[in-house]
Amino acid sequence: MRRVVGSAVGIDTPRITALRRRLLHLSVRLWWHPYWQSAPSVPAARSALRQAVCAQRAGWAA
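Numbering of the sequence shown is given in this note's numbering, commencing with residue 1275 and proceeding in unit increments.
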């Protein structure tokens, strides 16, 4: 796979550096956000919720 350099697509290098830094900053903020620090959801609970919603929708269609 070939990497495209910023100047090849018409973007100056300082701008690319600024965008990379911004992306890194936002990624760190997302990583440490309290939402992601909560207990992970259990896949079985997600599956049960999905099945309950499907059953409810089937009841509405009948």
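One should not assume that every hint holds.
Claimed, not checked - Using C-beta positions, here's what the derived DEER-type ranges look like:
id: 1; residue 1: Ala-1329; residue 2: Pro-1308; range: 50 to 60 Å
id: 2; residue 1: Asp-1286; residue 2: Pro-1308; range: 34 to 44 Å
id: 3; residue 1: Pro-1317; residue 2: Arg-1294; range: 32 to 42 Å
id: 4; residue 1: Ala-1322; residue 2: Ser-1301; range: 30 to 40 Å
Since the hints were derived computationally from the structure, they do not count as laboratory data. We treat Cβ as the ideally placed atom computed from N, Cα and C, and that holds for glycine.
Hints versus structure:
1. Ala-1329 to Pro-1308: 50 to 60 Å: Given about 33 Å between the Cβ atoms, the range is violated.
2. Asp-1286 to Pro-1308: 34 to 44 Å: 37 Å Cβ-Cβ, so the 34 to 44 Å window holds.
3. Pro-1317 to Arg-1294: 32 to 42 Å: At 34 Å between Cβs, range holds.
4. Ala-1322 to Ser-1301: 30 to 40 Å: At roughly 32 Å between Cβ atoms, Ser-1301 and Ala-1322 fall inside 30 to 40 Å, so the hint holds.
Checked against the numbered hints given earlier, this structure breaks only hint 1.
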